[in-house]
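Engineer: Chain by chain, the residues:
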Amino acid sequence: MSRRAERTPWLTALALPGAIWLAALVALPALATALISLASRGPFGEPVPPWGLHNYALLLTDPLFARVLTRSLLLGAGTTLLCALVGYPLAFHIAASRRQTLWLLAITIPFFVNFLIRVYAWMLLLQKEGLVNAAAALLGAGPFALLPSALAVWVATVYTFLPFFVLPVYAVVERIDWTLRDAALDLGAPPLRAFTAAVLPQTLPGLAAGAALVFVPAAGTFVIADLLGGGKITLIGNLIQLQFGAAQHWPLGAAASTVLMALALLGLAVCLRAFGAREGGR
Amino acid sequence: MRRLLALHAWAAIAFLWLPMVAVALLSFSESRYGLRLEGFTLRWYANLAADARLAEYLRNTLVVALASTALATALGTLLALALARQRFRLRAALEGLLYLPLVVPDVVLGIALLILFTLLREWLGGPQLSLLTVTLGHTAFQLSYVTLVVRARLSLLDPALEEAARDLGATPWQAFAHVTLPLLAPGIGAGALLALSLSLDDFVITFFTAGSGSTTLPLYLYSSLKLGVRPEIHALSTLLMGSTILALLIGYLHARKRP
Amino acid sequence: MAEASRGASAALDLRGICRRYGDQVVLDGVDLEVLEGEFFSLLGPSGCGKTTLLRIIAGLEAPDEGRVFLAGRDMTHTPPHLRPVNTVFQSYALFPHLTVAGNVAFGLRMRRLPKREIRERVDAALDLVGLRGLAERRPHQLSGGQRQRVALARALVNEPRVLLLDEPLSALDLALRRELRLELVRLQERLGLTCLFVTHDQEEALVLSDRLAVMERGRIRQVGSPEAVYERPISPFVARFIGEANLIPGECRGDGRALTPLGELEFPAGAAPKSSGPLWLAIRPEKLRLFRTEPAQPNRVQARVEGIVYTGSENRYLLDAAGIRLLAETLNHDSEEPGHEEFAAGETLWVVLPPERLVVLADEPPG
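Residue numbers (our numbering), protein chains in the order written: chain A, 389 to 670; chain B, 53 to 311; chain C, 19 to 385.
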């Protein structure tokens, strides 16, 4: 006898303030961005008529934009993959550990430490006279020119997003039904096969959540590339920020931003379709 | 296999912690650019204390954090209650809107808010970019986190408890006030803490929604970082890290005390 | 039920209750009357609608059709907090943030009774269930049986006109269940409670009830005293659900005779509703009589012992008679007296189905 949620008007009314808030501060800004992306650039970078798809046409035909977008998506995908390689086994270790809360604290503290400070830490370590080169010198190597570099951007991006990946994966690993693996082993599956057949599928929702929280946000950061990549337009985030800063081309920036938003929504839709239906009940 | 897993875990923790530890250690170093460990000094902390602007930035940061957290917690709790218990039209659209700030890069939300506030000002005489717009901007992403955390807690509540209260003679409001709310309190608290720390931490949204006179600590930190490495920034970073760790430890110990 | 018995003495009266979830019919026209001071059980397999019915009585769910009368008043649309009933939930639903005393006091506090009265009544209720010493404990510090008692005290303290019990013993182990069952009966008699008890455990229902109703697929199939329902089930479903029954299909052949796979069997004259057509003959396992040599009694058939289960005081024989499986139960007398012999697996014996013990059931579609 399942209990079904019933319609009670006064309970639905509770959603109203929050819904209005989200509409005004999330939906409306998103629509405004899409609207501006159709405008042309005025003398001070402000949006003016004529309206059209010319900004998107510019983005699509400009080889620079294609390179920037590819590089950004590559960074997003690579970061997701590296976070998975590091974070997935880590989540299992935490779930199996007797000092679970301490391990979790060790992951959540870096998660909560100011993002800029964590990027700053790498700025510091990777300086020419910094500790990394000092350590390399002890081994008789270097010094290396580590800053600014693409490597620095990659390291700091993985560093920044790792906790975002570990926490959702941990949440599902903790609830794994291990009797399924035991059953697989009992039925004669070799350990690796037992893992891929009985354990891996149970962790998929966590992997998907981790990927959703890492992929697009990592592809879209501009601060890391700004501070560690040497100020050139390297990523799509930088490109967008530049249009609203020095370059003063809001419509173009809005168009690039709309593309990024569309990619994020696409990813969200895929995730919700694959794993959200179960959660929603019925 | 077990061993390998443990080794991997320790290596990952070292990767996460060593850079932060390095910043903290170097903040006490006498080295001129703070890049090497040489001697021990509190000079950089003293320099910080002498900077009067920092007090203002700190005040701005706290005003924004407290105001936005209060708003987001109230709205998010109500939204979670409605979403957890009700089926209604537009529910799917609302869910999508909730997830949007979580999956969209900060820069996208930041410039979207900038465009909105600019258009409002140009067309409807809305407010200048200020602490108000920063606060509103912060609620835009905090609301999602609070709602999801409170809803997760709500989904763990046995619906039979509220029914039992009603069966024992409680009006719908009494059942909510005497049963649901006390049981939900830890979830609401967790959501509020998360929102608070996200606001204190936020740089990108603030960057796009702040005007002159609404500089926060992260904004100041960023402009300093653009200028390069300075030992005073090591010290400031260490102080901020310290307060984060302290807050989390207090939260952890508090949570452990309760059954 | 005669119309005259309705009215003043009915604590609870349900008329034509229907409930649908989408196109799934959960309750299909339920009429039910529970008398003042009666212990009434609703018995049925899971999914038969009994819990939904209880929730409708408590006001936690609304019927699509029908009316709910409590103590003579139509309360079909009264919200749960204004109904003079209280429920002991299957999961107990104790409030984890309140102490035992806080849980028991909850209903009184909601009614804003004076503090002193609340304290006195909570103490009395805790005394009643023997938990006085645990008043300051939290639910998670209690054993299953103690939680059950708290749930009971929490409901009783409000002096409900009808106490609703939703499988309150199902989460406990057998020994504790038996103990609490007796306690429940003692409390009910002492306080003169009116109880509506929902269960899928037929033994529980038989032991506890003044009357019981058997439910199946959203309908009440039979109402009566435990003895009446056990001895005279009206359908194969009821016969099977209450206790064990041997069911033999047959074809009515005039008065008191039926043709079955076991041959022609006699049954009491006038027991069959019609003088021809299909019917079922039911007989309880303990009513079968077994003989080594052919007895001179009607309704005897030959059967083979397929299996034996010793349960201590009884022997249970699984028999095969002309392809029909029969279950027979005999007391363990340890004697060779005819009718009380013991048999071994594989042995052939004579079974007698005493005509006066056969119950004639109308044919019903398999379900």
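Mixed in with the good hints, there may be bad ones.
Stretches of chain B that chain A covers, calculated by requiring three or more beta carbons in the stretch to come under 8 Å of a beta carbon on chain A [unchecked claim]:
#, region
1, 148 to 156
2, 184 to 192
3, 225 to 233
4, 274 to 287
These aren't lab readings, by the way, just hints derived from the structure by calculation. Virtual Cβ for every residue (Gly too), placed ideally from N, Cα, C.
Engineer: Next, verify each hint and record whether it holds.
Structural biologist: Tested hints:
no., hint, result
1, 148 to 156, "holds (count 9)"
2, 184 to 192, "holds (count 4)"
3, 225 to 233, "violated (count 0)"
4, 274 to 287, "holds (count 6)"
The structure fails hint 3 only (numbered hints given earlier).
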